[in-house]
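2 protein chains.
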Amino acid sequence: MLPRRPLAWPAWLLRGAPGAAGSWGRPVGPLARRGCCSAPGTPEVPLTRERYPVRRLPFSTVSKQDLAAFERIVPGGVVTDPEALQAPNVDWLRTLRGCSKVLLRPRTSEEVSHILRHCHERNLAVNPQGGNTGMVGGSVPVFDEIILSTARMNRVLSFHSVSGILVCQAGCVLEELSRYVEERDFIMPLDLGAKGSCHIGGNVATNAGGLRFLRYGSLHGTVLGLEVVLADGTVLDCLTSLRKDNTGYDLKQLFIGSEGTLGIITTVSILCPPKPRAVNVAFLVTCVPPACGPGSPRPARLPHPALRTPGCPGFAEVLQTFSTCKGMLGEILSAFEFMDAVCMQLVGRHLHLASPVQESPFYVLIETSGSNAGHDAEKLGHFLEHALGSGLVTDGTMATDQRKVKMLWALRERITEALSRDGYVYKYDLSLPVERLYDIVTDLRARLGPHAKHVVGYGHLGAGDTDWKTVWTLPGDGNLHLNVTAEAFSPSLLAALEPHVYEWTAGQQGSVSAEHGVGFRKRDVLGYSKPPGALQLMQQLKALLDPKGILNPYKTLPSQA
Amino acid sequence: MLPRRPLAWPAWLLRGAPGAAGSWGRPVGPLARRGCCSAPGTPEVPLTRERYPVRRLPFSTVSKQDLAAFERIVPGGVVTDPEALQAPNVDWLRTLRGCSKVLLRPRTSEEVSHILRHCHERNLAVNPQGGNTGMVGGSVPVFDEIILSTARMNRVLSFHSVSGILVCQAGCVLEELSRYVEERDFIMPLDLGAKGSCHIGGNVATNAGGLRFLRYGSLHGTVLGLEVVLADGTVLDCLTSLRKDNTGYDLKQLFIGSEGTLGIITTVSILCPPKPRAVNVAFLVTCVPPACGPGSPRPARLPHPALRTPGCPGFAEVLQTFSTCKGMLGEILSAFEFMDAVCMQLVGRHLHLASPVQESPFYVLIETSGSNAGHDAEKLGHFLEHALGSGLVTDGTMATDQRKVKMLWALRERITEALSRDGYVYKYDLSLPVERLYDIVTDLRARLGPHAKHVVGYGHLGAGDTDWKTVWTLPGDGNLHLNVTAEAFSPSLLAALEPHVYEWTAGQQGSVSAEHGVGFRKRDVLGYSKPPGALQLMQQLKALLDPKGILNPYKTLPSQA
Numbered sequence: 008m009l010p011r012r013p014l015a016w017p018a019w020l021l022r023g024a025p026g027a028a029g030s031w032g033r034p035v036g037p038l039a040r041r042g043c044c045s046a047p048g049t050p051e052v053p054l055t056r057e058r059y060p061v062r063r064l065p066f067s068t069v070s071k072q073d074l075a076a077f078e079r080i081v082p083g084g085v086v087t088d089p090e091a092l093q094a095p096n097v098d099w100l101r102t103l104r105g106c107s108k109v110l111l112r113p114r115t116s117e118e119v120s121h122i123l124r125h126c127h128e129r130n131l132a133v134n135p136q137g138g139n140t141g142m143v144g145g146s147v148p149v150f151d152e153i154i155l156s157t158a159r160m161n162r163v164l165s166f167h168s169v170s171g172i173l174v175c176q177a178g179c180v181l182e183e184l185s186r187y188v189e190e191r192d193f194i195m196p197l198d199l200g201a202k203g204s205c206h207i208g209g210n211v212a213t214n215a216g217g218l219r220f221l222r223y224g225s226l227h228g229t230v231l232g233l234e235v236v237l238a239d240g241t242v243l244d245c246l247t248s249l250r251k252d253n254t255g256y257d258l259k260q261l262f263i264g265s266e267g268t269l270g271i272i273t274t275v276s277i278l279c280p281p282k283p284r285a286v287n288v289a290f291l292v293t294c295v296p297p298a299c300g301p302g303s304p305r306p307a308r309l310p311h312p313a314l315r316t317p318g319c320p321g322f323a324e325v326l327q328t329f330s331t332c333k334g335m336l337g338e339i340l341s342a343f344e345f346m347d348a349v350c351m352q353l354v355g356r357h358l359h360l361a362s363p364v365q366e367s368p369f370y371v372l373i374e375t376s377g378s379n380a381g382h383d384a385e386k387l388g389h390f391l392e393h394a395l396g397s398g399l400v401t402d403g404t405m406a407t408d409q410r411k412v413k414m415l416w417a418l419r420e421r422i423t424e425a426l427s428r429d430g431y432v433y434k435y436d437l438s439l440p441v442e443r444l445y446d447i448v449t450d451l452r453a454r455l456g457p458h459a460k461h462v463v464g465y466g467h468l469g470a471g472d473t474d475w476k477t478v479w480t481l482p483g484d485g486n487l488h489l490n491v492t493a494e495a496f497s498p499s500l501l502a503a504l505e506p507h508v509y510e511w512t513a514g515q516q517g518s519v520s521a522e523h524g525v526g527f528r529k530r531d532v533l534g535y536s537k538p539p540g541a542l543q544l545m546q547q548l549k550a551l552l553d554p555k556g557i558l559n560p561y562k563t564l565p566s567q568a
Numbered sequence: 008m009l010p011r012r013p014l015a016w017p018a019w020l021l022r023g024a025p026g027a028a029g030s031w032g033r034p035v036g037p038l039a040r041r042g043c044c045s046a047p048g049t050p051e052v053p054l055t056r057e058r059y060p061v062r063r064l065p066f067s068t069v070s071k072q073d074l075a076a077f078e079r080i081v082p083g084g085v086v087t088d089p090e091a092l093q094a095p096n097v098d099w100l101r102t103l104r105g106c107s108k109v110l111l112r113p114r115t116s117e118e119v120s121h122i123l124r125h126c127h128e129r130n131l132a133v134n135p136q137g138g139n140t141g142m143v144g145g146s147v148p149v150f151d152e153i154i155l156s157t158a159r160m161n162r163v164l165s166f167h168s169v170s171g172i173l174v175c176q177a178g179c180v181l182e183e184l185s186r187y188v189e190e191r192d193f194i195m196p197l198d199l200g201a202k203g204s205c206h207i208g209g210n211v212a213t214n215a216g217g218l219r220f221l222r223y224g225s226l227h228g229t230v231l232g233l234e235v236v237l238a239d240g241t242v243l244d245c246l247t248s249l250r251k252d253n254t255g256y257d258l259k260q261l262f263i264g265s266e267g268t269l270g271i272i273t274t275v276s277i278l279c280p281p282k283p284r285a286v287n288v289a290f291l292v293t294c295v296p297p298a299c300g301p302g303s304p305r306p307a308r309l310p311h312p313a314l315r316t317p318g319c320p321g322f323a324e325v326l327q328t329f330s331t332c333k334g335m336l337g338e339i340l341s342a343f344e345f346m347d348a349v350c351m352q353l354v355g356r357h358l359h360l361a362s363p364v365q366e367s368p369f370y371v372l373i374e375t376s377g378s379n380a381g382h383d384a385e386k387l388g389h390f391l392e393h394a395l396g397s398g399l400v401t402d403g404t405m406a407t408d409q410r411k412v413k414m415l416w417a418l419r420e421r422i423t424e425a426l427s428r429d430g431y432v433y434k435y436d437l438s439l440p441v442e443r444l445y446d447i448v449t450d451l452r453a454r455l456g457p458h459a460k461h462v463v464g465y466g467h468l469g470a471g472d473t474d475w476k477t478v479w480t481l482p483g484d485g486n487l488h489l490n491v492t493a494e495a496f497s498p499s500l501l502a503a504l505e506p507h508v509y510e511w512t513a514g515q516q517g518s519v520s521a522e523h524g525v526g527f528r529k530r531d532v533l534g535y536s537k538p539p540g541a542l543q544l545m546q547q548l549k550a551l552l553d554p555k556g557i558l559n560p561y562k563t564l565p566s567q568a
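Each protein sequence line maps, in turn, to chains A and B. Residue numbering for the first sequence follows the working numbering, beginning at 8 and increasing consecutively. Residue numbering for the second sequence follows the working numbering, beginning at 8 and increasing consecutively.
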């Protein structure tokens, strides 16, 4: 047993977070639901086919007879009104725009099957769309593909209130599922900033990672079964709800992360973990180098002066904080997120979320989830005592009640939204060895200079577990969300970014897509992370499952076979 | 914080386990290493082709020129000595026997590639073999397939002592890897009774489950990357060691659980969790119905009289114990195993392992693993107090030191070995709703009567997590190892068992293979758990990746396409 010491909670941990409660909740207004984020007066997004070198493949075009057939399959679910088609043709980042003239809204797998059978026969291309919250342009048409929306496939089919196994249609919104299972004392095994709009089918199709990955792992482990409609309309039933089933090839795995290019996921069976009895969130300021300590004047311009110097002072302390808390919190650590000073300034500027802590080059959000509130508080208390005593952490605030927990999480979850309000966003989502994780941010600031409005980095550590006995160790790889904003899209800025960012990542044996996927945007950079043999097998699988290539064309697979 | 109560550890928990230490360790003698388990004088195993209705496919036969070519590829690694070929032709259960005349022992992926290129050109069938510890006959030839052994591919290629990412060749023995990573304060994410012989490549190829599944999940989540040699000799590099990599189809998943029929796994990258600082094992007797309590006389004959009655008294208490401990131990519960009285009697009779607790229809082994010994002991103490106080548990013993932990685990891990000494074993490995989990055992006892020597059931609960607030709830599905022993193989006994067991399982929406896989033995019962469309897609994938069908023929896929 550990010696029972009275806990020395630092006083600052118990203070409240500043800011009116209203300003911390879910996003409101035009950005509230991703996918319909264009405020009035927002300039029109250029057509993808005009901005990017891409040629339409020889699919058929939708005829009156096709529309009549669709109307018979999904009565009242055929949308052709140009105004209603504007939003689903544009991606959430407002950088890609298709020109689809028809959107279908089936309610059942059978309807999806009939639609695909028709499209297969007629050689019509289909773009499956969930919440349209993707970051890589996987969910919007490139040309005139038919948009097949899962929005009306939003029924929970069953929930086993003891095992936590949820079976639901693909179009259920993640946040609604979270609410549903939380009322039954479970949680969804994944959580994303886009939860208010994203569909579970889209999450699975894109193998979404998100904020609970550290604790509950990938969807390849938590998805128990899938029902998928194949390109020719065949309904493939891999919808087992057994935790253990080792009967032949695990076919469902093929579709997790295939972005709708091999089949359309219509039903998902997923294992939900029990709702933790105790959740604590600490929002901390890691050790600030003297030059930019709390006494120094507020910088007049972003980024913080300390971040403009090479070597990114302060990031080493983020890593050390991670190692220490991983060792001391063990199995109850459920999230470890970091964000840089520019992120904090942007959520303040665009979303009016005030920082609850002193200024710093880096901020860290730590979450614990466990079954025993007393034990968890004690573990967290020991960690904070140690971190404070050793000078690793200099300021922070803590939350256990749900309202404040949400407020603190909002600082991290709403960065994407703040960035999108800052201008055109160039987004990168990299897996990198943590020792080099932040170097690319400082590198790009130097490289781009005034051509970029802001260059920011945030993300998750915790890709690997650390040795508990070593206080100062580095985990293996981390996930950096690298974002560059500019007033508008500029081919010259793009040229300064790419292939530089990808080459840099490949040079570190990193991944050019840690969690966002491939979609339209990254299909031609796959070669930085996948060898030719793997790309060839991907092409073969595509040819096997979708020989006419009608499912989500121009996505996921390199344009050059 | 929980109120700090003094712990009331029941006195019986602190007593030692009986039996000489030597009798509890790893198996010794002919059964020590699976795959070479035939004691002298053991009757010869009949040829598979004589016992089962199976016809040789039109593969070539190995010529002198082939042998010369192999000798050039793997100098000194071509085995043709009939005596040396006896053991690798027979499966561990000694119920299947092939007649392969050549075994190859490559050391590198490149050698495997050259071998397969040659075999592909010559249309020679290949049977990949790891530790030959499989339960379904997947690792031995059916006819004269060339045995490709991974035994000499046993090098650790790298270990990241901070992230715990291990990269090793496919032929590394699981127990040796466990030792290797444990010296570096990590553990392997899987553990099996066969660990002393099984190879990690075989574990991945068969998607082995095992004793740590409850805590660390399936290999689909913990395997980070694979190198695989395809049927034509192409080396497929999916050997990323990144925790997060979302760049296109997750090809490695195809090979996890494909039993060497789609490619031969040559290198594995796997994520090892940190070694828990505290491990506790409790071996408990759940509430014994009055008719068979500790005061009643020892039954003269197996099975225990209470188990012969319908409704299996005692099993409900096992389930209740699981629910209670899951709720009270939360995130530190790392294993929950049960075994029936016959299992205990057989490990006593054949392996001389004495029970450390009073006789009972059912025994339960609970393991906790956590980062804080004090907190874990307190959680376990509260659970035991509750279980004892409510009469759910009537006897037990507990271990924290490694020696006694191993002794208690041996009771569970060595059941398979005890069964194999009991006679011919008919093995079933089912996923079933826990409410009905044990019914099939009592059903079979009644059905088979004296035709069976013993009918036993043991396995894992914990397929689903339970609601912490409900003391009496049932988890979703569990994994039952159902075993029937007889003096010798008998077609009539087989006919009484099959398809009855599979039909019964399908009737419960269960799986006919929870973790053992398909291999030769279960390929024609896949239809009980997989719909025709899924079987067809399996066949298509096989045809894509191995068009000549040379890789592990007669396995995994139904014999009728």
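In short, the hints are calculated from the structure, not lab data. Misleading hints may appear alongside valid ones.
To be verified - With a cut-off of at most 27 Å between alpha-carbon atoms, the simulated DSSO-like pairs for lysine-lysine come out as follows: (1) 555/A with 549/B; (2) 282/A with 460/A; (3) 549/A with 549/B; (4) 282/B with 282/A; (5) 282/A with 108/A; (6) 108/B with 460/B.
Each hint, compared with the structure:
no.	hint	result
1	555/A with 549/B	holds (21 Å)
2	282/A with 460/A	violated (41 Å)
3	549/A with 549/B	holds (15 Å)
4	282/B with 282/A	holds (25 Å)
5	282/A with 108/A	violated (44 Å)
6	108/B with 460/B	violated (36 Å)
Taken one by one, the earlier hints fail for this structure at numbers 2, 5 and 6, listed in ascending order.
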